[in-house]
Amino acid sequence: MNSLVNAMRRFRIRTRLIGMLVLMLALVCLVGATGVLSMWQQSQRTDEFITRSLQRAHGLSHVNRQVGDVNRAEKDMIIYYDDRITLNKHRDRWTAAVAAAQKQLEAMRADANNREAPLLDEALASLTAYAKSTLQIVLQVEDGAYDNSHTADKMMGNAKAHMRALEATLLKTAEVLDADAAEARTAREDGATQATLLNLGVLAGVALLLVPFTWLNLRSICNPLDRARELASAIAAGDLTRRIDIEGRDETASMMEALRSMQSSLQHTVGQVRSATDSINTASAEIASGNMDLSARTEQAASNLQETAASMEQLNSTMRQSADAARQASQMAVANAEVAARGGQVVGQVVATMDQINHSSKKIADIIGVIDGIAFQTNILALNAAVEA
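Count the sequence shown with this note's numbering and you get residues 18 to 406, in order.
If you're looking for bench data, these hints aren't it; they were derived computationally from the structure.
This structure is a prediction, so every number in the text was calculated from the model and none was measured.
C-beta: ideal position from N, C-alpha, C; glycine also.
Any given hint could turn out to be false.
As the list claims (entries may be wrong) - With a cut-off of at most 20 Å between alpha-carbon atoms, the simulated SDA-like pairs for lysine to any residue come out as follows:
id, residue 1, residue 2
1, 106, 93
2, 106, 153
3, 92, 189
4, 149, 138
5, 120, 85
6, 106, 86
7, 106, 117
8, 189, 341
9, 380, 316
10, 177, 208
11, 171, 188
What the hints assert, rightly or not - The calculated label-pair distances, taken between Cβ atoms and stated as ranges, are:
id, residue 1, residue 2, range
12, 195, 57, 25 to 33 Å
13, 278, 34, 49 to 57 Å
14, 54, 251, 54 to 62 Å
15, 200, 34, 45 to 53 Å
16, 28, 251, 23 to 31 Å
17, 41, 251, 53 to 61 Å
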């Protein structure tokens, strides 16, 4: 079964559909031709039944009617034996009836079958013998051989025997024609039955040929489409590892080829993305390491800044102390200046207060020494802060 499907897939779907359409049209034409042939055969049988059986029956009916005319003309000739004019009139009618019956029998004999021909030959012989015997009696009647019609009628015994034989033969012929008509009717009915069976057989053959072919064609189309849908769903879900096999040379094979190309392109793209992602991860790790190093350095710098701030705070405290000492020294200098001014005014008191001035000068020297020490310490602290910064 798969081999048949693969063989069908060597052709394009368009070609297969066109071929299927052509096959369907051919099968429809076959069914139509079979139906037309059956109808033609049935028509032939019907025509044969009508043209032959009915015509034969009509011809036999015409013969029987002519035989009746012959019998009536015969009686009239016997009845009017003494009237020459009337006798001749009935004789002419009798002769015409005999000739018409004989002509009809000969026409029927021309296309008679094997069963009808002997009977028609017998009928023609009986009619000929009857006509010959009757004609002899009629000639004798015309010559006055008989003194009354009763005697003449008795002399017609031989002719009447031939007439009875003719009538019996015609009756047998009618029976044969009825049998032929029955056989023709049976043959026509059998032909109709055979035509019906033939049409049904052709339809069954068409179905047996068309249904499997249609099923195989649908399978050759639907199965690859289902496979393509499954592969497309897998690719859409991110599965790029499915194996895509390409079979046949139809449109579905082209679609599978396109899916395989798309899968290959996506695999290449995903590989590039994965490589780029790995590079980004490496760079991110390096950046994270640099950030950690920078953070450590920043923390160290912050610690140094905190130490510098503490040193500056200490320096500020020392500067404030130095400033306070300087203010005190300035105040003392101002006080000394005032004392010196007053000493200029009160020279007299210089000597008295020299000891006090000497003592105050010593204090000033001590204060200046303290200020120099503070300034030296301040310079050292500032230098340390600058070095640490």
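Violated hints, by number in ascending order, as checked against the structure: Numbers 3, 8, 9, 10, 11, 13, 17 - these are the hints that the structure violates, sorted from lowest upward.
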